[in-house]
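Chemist: Protein chains in written order, with my numbering: chain A, 1156 to 1664; chain X, 1156 to 1664.
Honestly, the hints are just simulated from the structure, not real lab data. One thing to keep in mind: the hints can contain errors.
Copies of the same chain look alike in the list, so a pair counts if it fits in one copy or across any two.
Below, a list of computed lysine-lysine pairs in the BS3-like style, where the Cα atoms sit at most 30 Å apart [claimed, not checked]:
#1 Lys1307 / Lys1258
#2 Lys1388 / Lys1281
#3 Lys1200 / Lys1261
#4 Lys1209 / Lys1281
#5 Lys1335 / Lys1529
The model shown is predicted, which means the values in this text are computed figures rather than measured ones.
Number of protein chains: 2
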Amino acid sequence: MTEINLLDIAKRRGFFWPSFEIYGSTAGFYTYGPLGSLLKLRIEKLIRDHYVNKEGCMLIEAPILTPEEPWVASGHVESFTDMNVECQKCGEPYRADHLLEEKTKKSTDGMSMKQVMDGIKKSGVKCPRCGGALGEPYDYNLMFKTYIGPGKNKITGCLRPETAQTTYMPFRRLYELGRKKLPFGVIQLGRSYRNEISPRQGLLRLREFSQAEAQFFMDPQDSKHHKKFDLVKKKMMTVVTKDVQDKEIAMTAGDLVKKKHAGEWIAYYLATSIELFERMGMEGSRLRCRQHRDDERSFYSSDTWDVEFKSETFGRIELVGIASRTDYDLRRHQEVSKQKMTVNVDGREFIPHVIEVAYGVDRPVYTVLESCAKREGDRTYFNFPPTVSPYQVAVFPLVRKDGLPELARQVYNDLNESGFYALYDEGFIGKLYYRQDEAGTPFCVTVDYDTQKDNSVTLRNRDDQKQVRVKISELPGALSMIMQGHMEFSKAGKAVAKPGDAGKGKAKS
Amino acid sequence: MTEINLLDIAKRRGFFWPSFEIYGSTAGFYTYGPLGSLLKLRIEKLIRDHYVNKEGCMLIEAPILTPEEPWVASGHVESFTDMNVECQKCGEPYRADHLLEEKTKKSTDGMSMKQVMDGIKKSGVKCPRCGGALGEPYDYNLMFKTYIGPGKNKITGCLRPETAQTTYMPFRRLYELGRKKLPFGVIQLGRSYRNEISPRQGLLRLREFSQAEAQFFMDPQDSKHHKKFDLVKKKMMTVVTKDVQDKEIAMTAGDLVKKKHAGEWIAYYLATSIELFERMGMEGSRLRCRQHRDDERSFYSSDTWDVEFKSETFGRIELVGIASRTDYDLRRHQEVSKQKMTVNVDGREFIPHVIEVAYGVDRPVYTVLESCAKREGDRTYFNFPPTVSPYQVAVFPLVRKDGLPELARQVYNDLNESGFYALYDEGFIGKLYYRQDEAGTPFCVTVDYDTQKDNSVTLRNRDDQKQVRVKISELPGALSMIMQGHMEFSKAGKAVAKPGDAGKGKAKS
């Protein structure tokens, strides 16, 4: 879909745009507009409902701003850093390793600060912006810091770089709320922060971003089997293992476990995540599971996998990270806080192990857009599934007179009351269809003169532009059935032979 | 309900608790547990759905962390301050005006810094904590500040003290997305921050809190009438006007306007907000509308009202502020950013005026709890309406054997699939009822031996503990009807004459 300028549509139609535009914008911050915030809301709901209802997770909501201790425990204070280098002339900051990579076209993976520094000096990299000389690179901590409270007794505050630690901190309380049973899961959705040196990739690399992170606490002696694994074991996936990173293999979740590439827990959440992404509207063929190489994995993790989306513009985009974090985090909180994190099961005292399933929520907003963008002739539309489309149905009067707007508003109100995300609009019908195509609204309802006679309306399907005539009283039921896949669109009513005025959406923008 | 220790139940049952407990907690930060986060989520949904669906507002989501300029424009950098005074011995900070009020038992409203300083010296107030001498009071800015980006070119960042300005900044974009029509509304939900000097009142005064703020932009020449005002004009409200603050008057929204206490826009959102709070489960008799006095209102506002809840523990709690903000904010952004905020309507160039409806979301979580807490004998329950209760229905097997758990799980799964917030649990039935009463779950379903024979289950009503027998196939429909008020509980099935084992919930905790 390279011919569609996604970022242009996103801005123009109000999905998202760079924040603080009137003050010149600040890199790494985006604002979701009316369509984007609804799309994001529904993606979040899909993830949350899945983990709360289907996986039985507890939902919690902790503050974003925290004292510094938890990040001492987690290691962020010490090592949540990137190599920064600044132009000595204009002050522009850069990721030192990225600059070197761009210059030499070679990977800097695993290079030490000294190696990068030497590389920069040797290759003669200058400031890409003004040509000035670069200073000495240094480790730059990516946490935003502030002070909590006034005066002498104020303490250092940090904007959390991940939700995970804010879920681990109240582990004891959560364990007791779950009546001391293992395993149990907890999910938290919310903002996190990363003071990137020089973020450039729109929604993909934000300084303020949204996450949905689920943590599963378990007895390490009892962590081999996932009780629902059978439900996903036939799920076919594209897989890249840690040892062969340049070869994709198609295999089932069951084979992933049988061939000992991953344990049941990780395989289960890989398969589940792919299903979730598909339900959001991403094409399955663009998704793959990639295992982290041994030299890339965090030191405390015994196994880490990502699900990646293949973008035509940005290459591979990581959508979720699934990691076995062992007992590292809880143990560190126990060490730093001096509070007990052990549990006692049948006389065995141990710190539970954790499997983390960590979704970004901004990236799916982008990848769903990219995956759903379609062009047919001069028509651009997003074929979002009704579960995530910002609006599910739009209602229009054919003309702005003769009582049709009032009648259309009534149909709109009824759909709203029935729980649909509905929208009311007026104007030239072709133009209205065009607008809803670009908003990805799956269904449009037009109220016309016949409606006054027979209480039926024209229902138009976004994807094939087919139209049927449906009784107003049957509209909510029919829409529900179609959306849930229990009814074909064409069966919803009488096919409309001649589209006529409420036609093919050939309007100019 | 003074006999119920709400904060104890809230902590024990996982509604909310002070954050960072393992690190000694930090005043002004709370974590929502499994029940509280669901309750908050549903309160947010109620507000959001109302404004998006019923009021036709656009939804947007802007970053929390911003550059400093917007807060220069709004006046927060200069005057978002409290008077701080610290103990010279132990360093403990205090609100200087509050200390003086406590000592003299007289209001410090409207006092200047100098007057408060003199008052403190004259009355000989010491540090309440250690008895040490107090330092000089000073204006303390309540914004959390940080730096965005590294090195020389970093800029000052602020955690927003309100969502409002982050909605005003993209005004032009929103105006264009709404196709340049006035009036139009925009709502934003999200966190905001206030670095309180010494927060002490739990969820009522947080340093990190959640808001839901709607902004309505309008032509000042066309701001007299609200097109839906007729819908609320008969709504009866308890009112306190700016001139007579110690007298509550009962009057309709219509009379409020007719007697010129408020305009239609403000009266409409006062009435609408009260209806929303009642739908959340707050008793109408505890709610009142209070107009700000002239000496208390912000200088840029031409009229401001609060809806207050009468708490037995905390006195009057402000739940929403409804203010006419004139063209102040947009004009200030135009002045500071040099970007045009005017619109052109029929040749008239003007800056739109704004009516703001600003809800806190943490406070309703508390006031709904307080208003819904009921005690009957040794039974404590929350009579949350099903629209906001964390879970709507809980499903249990009568015993943990003979296939009943499997059957109960199936009923639970079906309810989940039907869109209910359902919960599965096992144990002694009386104890399970007791637990769900304390969680405010309106309905419990018990699967027993008869279920295996006749496919029916016992449905138990939280408020009166009555029980009926309902066919499994009819359960989702019956629950929907009861929840929407279309069916009485007793009509949902055959009354259960003898509660027997699945009895009166007399279990000990």
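Chemist: Compare the structure with each hint and give your call.
Modeler: Tested hints:
1. Taking CA atoms no more than 30 Å apart as the test, Lys1307 paired with Lys1258 passes between copies only; the shortest distance there is 24 Å, against 48 Å inside one copy.
2. Taking identical chains as interchangeable, the C-alpha atoms of Lys1388 and Lys1281 are never at most 30 Å apart, the minima being 52 Å within one chain and 69 Å between chains.
3. Proximity of Lys1200 and Lys1261 under a CA criterion of 30 Å is satisfied in neither setting, with 41 Å inside one chain copy and 50 Å between copies.
4. For a Cα distance limit of 30 Å, the shortest separation of Lys1209 from Lys1281 qualifies neither inside one copy, at 53 Å, nor across copies, at 57 Å.
5. For a Cα distance limit of 30 Å, the shortest separation of Lys1335 from Lys1529 across copies, 28 Å, qualifies, whereas the shortest one inside one copy, 50 Å, does not.
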